[in-house]
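As they're listed, the protein sequences go chains B and D. Counting in numbering that gives the first Met the number 0, the first sequence runs from 0 upward without gaps. Counting in numbering that gives the first Met the number 0, the second sequence runs from 0 upward without gaps.
Hints listed in this document are in silico derivations from the structure and should not be mistaken for laboratory results. For clarity, every value in this text was computed on a predicted model and none was experimentally measured. Just so you know, not all the hints are guaranteed correct.
To be verified - Beta-carbon label-pair distances, calculated as ranges:
#	chain 1	residue 1	chain 2	residue 2	range
1	D	Trp150	B	Ser246	47 to 53 Å
2	D	Leu236	B	Arg174	26 to 32 Å
3	D	Ser1	B	Arg174	14 to 20 Å
4	D	Thr260	B	Pro126	26 to 32 Å
5	D	Ser1	B	Glu242	30 to 36 Å
6	D	Glu206	B	Ser246	49 to 55 Å
7	B	Gly177	D	Thr195	25 to 31 Å
8	B	Gly175	D	Tyr98	41 to 47 Å
9	D	Pro251	B	Ser121	26 to 32 Å
10	D	Ala205	B	Leu151	39 to 45 Å
11	B	Ser121	D	Pro85	46 to 52 Å
12	B	Leu233	D	Val242	40 to 46 Å
13	B	Asp266	D	Met250	55 to 61 Å
14	B	Val103	D	Glu206	56 to 62 Å
Each residue gets a CB set at the ideal place from its N, CA and C atoms; glycine is no exception.
Single-letter residue listing:
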Amino acid sequence: MDLRLSIAQTNPVLGDISKNLEEHLRLARAAAADGADLVLFPELSLTGYFLRDQVFDLAMYLDAPELKPLLELSKAVSIVFGMAERHPDGRCFNSLVFLEDGEVLGVHRKVHLVSYGMFDESRDFAPGEEWNTIESRLGRFGLFLCEDLWHLGGQYVRILDRVDALLVASAGPGRGVGPQDGVQGFESLGTWRTLLSAAAMHSLSYVAWANRVGFEDGVAFSGGSALFGPDGRLRTTLDGLEEGELSVSLTSAELHRARQRTPLLRDGRPELVRRALGCAGSTGSADLGADTPAS
Amino acid sequence: MSNPLDIDPAFTTEVLVRFLREELASAGFSRALVGLSGGIDSAVSLALAARAFGPDEVLGVMMPYRTSNPDSEAHARLVARELHVPTRRVDISAMVDGYLDQESVPSGMRRGNVMARMRMVVLYDLSEEWRGLVIGTSNKTEMLLGYSTLWGDSAHAVNPLGDLYKHQVYQLARHLEIPTEVVDKPPSADLFEGQTDEDELGFSYAEADRLLYPMIDERHTEDELVGSGFDRDFIRLVAGRIVRNQYKRVMPVIAKLSHRTINQDFRYLRDWKS
Chain B
0 MDLRLSIAQT NPVLGDISKN LEEHLRLARA AAADGADLVL FPELSLTGYF LRDQVFDLAM
60 YLDAPELKPL LELSKAVSIV FGMAERHPDG RCFNSLVFLE DGEVLGVHRK VHLVSYGMFD
120 ESRDFAPGEE WNTIESRLGR FGLFLCEDLW HLGGQYVRIL DRVDALLVAS AGPGRGVGPQ
180 DGVQGFESLG TWRTLLSAAA MHSLSYVAWA NRVGFEDGVA FSGGSALFGP DGRLRTTLDG
240 LEEGELSVSL TSAELHRARQ RTPLLRDGRP ELVRRALGCA GSTGSADLGA DTPAS
Chain D
0 MSNPLDIDPA FTTEVLVRFL REELASAGFS RALVGLSGGI DSAVSLALAA RAFGPDEVLG
60 VMMPYRTSNP DSEAHARLVA RELHVPTRRV DISAMVDGYL DQESVPSGMR RGNVMARMRM
120 VVLYDLSEEW RGLVIGTSNK TEMLLGYSTL WGDSAHAVNP LGDLYKHQVY QLARHLEIPT
180 EVVDKPPSAD LFEGQTDEDE LGFSYAEADR LLYPMIDERH TEDELVGSGF DRDFIRLVAG
240 RIVRNQYKRV MPVIAKLSHR TINQDFRYLR DWKS
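My request is simple: use the sequences and hints to build the entire structure.
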C-alpha cells in the first residue's frame with residue numbers, strides 16, 4: 000500500500016444533495032489533479048447530519064442516478080463519502096460508501112448508531128450489521144462512522160483483518176469551550192485525538208479522520224480532521240473550524256517498520272477472545288480461565 | 000484556583016462569530032440588529048454581531064421609556080460608539096402609556112412586561128426596515144431561572160449567549176473589551192427605578208452560577224449538592240424556578256390530533272433545506 004490520500008473537511012448544506020454533490024466533485028477532481036489516489040469525506044457528507052424526517056426524503060439507493068458523476072470520477076480517484084442509504088426493505092442506513100474504478104467497491108453501514116444526549120440516530124436509521132473490510136487496489140481499509148470507533152469490537156475485527164488504514168468519517172459536534180493547556184479548540188476534539196491515536200497504536204495502522212465543520216441549528220461541528228501514523232502519532236491536522244483539505248502519504252514501508260518495532264499483531268491471541276465470547280456472552284472476561292471448548 | 004465555569008474567551012468568540020454568520024446566512028441574511036439596554040449582555044451580543052457582519056451591517060437599537068435610568072441609554076451609546084455601530088433611538092413612552100393608561104395597568108411586573116413586549120414590537124418592525132435579524136441577549140443563567148419576559152426580551156431570531164452562564168458572559172465581555180462602566184455596574188432590567196436583578200431574584204448571579212453548573216451541566220443530585228456545601232433551601236428555590244419556567248424555553252404545546260403533528264412527528268431543523 001503506497002498511496003496519496005486527500006482528507007476533505009467539508010461543510011455540507013443540510014438537505015441540499017445537488018449542492019453537496021457539486022462540492023464532492025469539485026474537491027475530488029482537485030485532489031485527483033493534485034495526485035491523490037483516494038479522497039475521504041465526512042459522515043453524511045452528501046446530505047448534512049441532523050436530518051430527522053429528512054432521512055426519508057433524502058435516502059437513496061446505491062444505484063441512484065444522482066451518484067453517477069461520482070462513480071464516473073472514481074475511475075480517476077477512489078472516493079469515500081457519506082450518505083443516507085435506502086434499502087429495498089424500507090430501512091435507511093447511515094452509510095459510508097467506497098467508490099473505485101467506476102463501481103461501488105464496498106459500503107459500511109454505521110453499526111453503532113448514537114442515541115443519547117443530543118443524538119437520536121436510532122430513530123431515523125437502522126443499524127448496520129457487519130464489519131466488512133474493503134479490499135481496494137490501493138490497500139485494505141476498515142471503514143468507521145464516528146461512534147463506531149468508540150466501541151472496541153469493530154476495531155478488533157479490522158485488526159484481525161490486518162487492515163492498512165482505518166478511514167473514520169464523522170460529524171462530530173464540538174462540546175466544551177473551557178481553557179486548555181496550549182491548544183485552542185473544543186474540548187471534545189482532544190478526546191477524539193486520544194481515541195484516534197489509541198486506535199492507530201492498537202491496530203498499528205494509519206488512522207485517517209474526516210470530521211466536518213459548520214453549524215446546524217446552533218450546533219458547531221468541530222473539524223480537526225487529521226492523519227495519525229501507525230505509531231499513534233498525529234502527523235497533520237486541519238484548523239478546527241475552517242473547511243479545508245489535507246494531503247497525506249501512506250506507505251507500506253512505514254507500516255512494516257511500525258509492525259516490526261512493535262509486533263502486537265504477531266502476538267495477539269484472538270483464540271482466547273473467541274473462547275471468551277463463545278462461552279460467556281456479555282461477561283466473557285470473567286470466564287477467560289474456564290476450561291470450555293472454543294465455539 | 001480554577002473555576003469549572005471558566006471558558007477560553009478567544010475561542011468562544013471565534014465559535015460565536017461563525018455561529019452568527021452561518022445561522023443568519025442559512026436564513027438568507029447578513030445584517031443584524033440588537034436591542035441595547037446599556038447592560039453587559041446586549042453589549043456582548045452587539046460586539047459579537049459587529050465582528051460577525053462588520054459594524055456597518057449591525058444596528059444598535061435603544062428603546063427608552065420615560066422612567067428609564069438615563070445611564071442605560073448613555074451606556075448603550077458608549078458601547079455602540081466604541082464598536083462603531085450605528086444606532087437608532089425609539090422612545091417607547093407613548094406606545095407604552097397609550098396602553099397602560101387606557102387599561103389602567105397597575106405598576107410593577109405587568110408594566111415591566113408591557114415595556115419588554117413593546118420593545119419586541121419595535122425590534123421586529125425595524126428588522127424589516129434594516130433587512131436584518133434580531134440577535135438575542137438572554138444568557139443561560141437567566142433562561143434557566145426564567146428571569147425574562149415571554150415574547151419580550153426572550154423573542155429573537157438567534158441567540159449567541161444562551162449557552163453561557165453569567166460568569167462566562169463577564170469573561171467574554173472583558174475579552175471583547177466592553178467598557179468597564181457597563182461590565183461593573185449591577186445587572187438591571189431597568190423596568191422600574193432602582194431595580195436590580197439580584198435584589199429581585201433574592202440571590203446573586205455568582206451564587207446562582209456556582210449552583211447551576213453542577214446541577215445542570217454535571218447533573219448532580221440534590222443530596223450531592225448538599226454534600227458539596229450548597230444550602231438545601233437555596234437548591235430547591237433555584238430548582239423550583241427552573242421547572243416553573245420551562246414554558247418560557249419551549250414553543251407552545253400543540254394538541255395532537257393527526258398522525259403527523261408539528262414538532263412531535265413532523266421533525267425538521269430550522270436550518271431545513273431541500
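Checked hints:
no., hint, verdict
1, Trp150/D <-> Ser246/B: 47 to 53 Å, "holds (52 Å)"
2, Leu236/D <-> Arg174/B: 26 to 32 Å, "holds (29 Å)"
3, Ser1/D <-> Arg174/B: 14 to 20 Å, "holds (19 Å)"
4, Thr260/D <-> Pro126/B: 26 to 32 Å, "holds (27 Å)"
5, Ser1/D <-> Glu242/B: 30 to 36 Å, "holds (34 Å)"
6, Glu206/D <-> Ser246/B: 49 to 55 Å, "holds (53 Å)"
7, Gly177/B <-> Thr195/D: 25 to 31 Å, "holds (29 Å)"
8, Gly175/B <-> Tyr98/D: 41 to 47 Å, "holds (45 Å)"
9, Pro251/D <-> Ser121/B: 26 to 32 Å, "holds (28 Å)"
10, Ala205/D <-> Leu151/B: 39 to 45 Å, "holds (43 Å)"
11, Ser121/B <-> Pro85/D: 46 to 52 Å, "holds (49 Å)"
12, Leu233/B <-> Val242/D: 40 to 46 Å, "holds (45 Å)"
13, Asp266/B <-> Met250/D: 55 to 61 Å, "holds (58 Å)"
14, Val103/B <-> Glu206/D: 56 to 62 Å, "holds (59 Å)"
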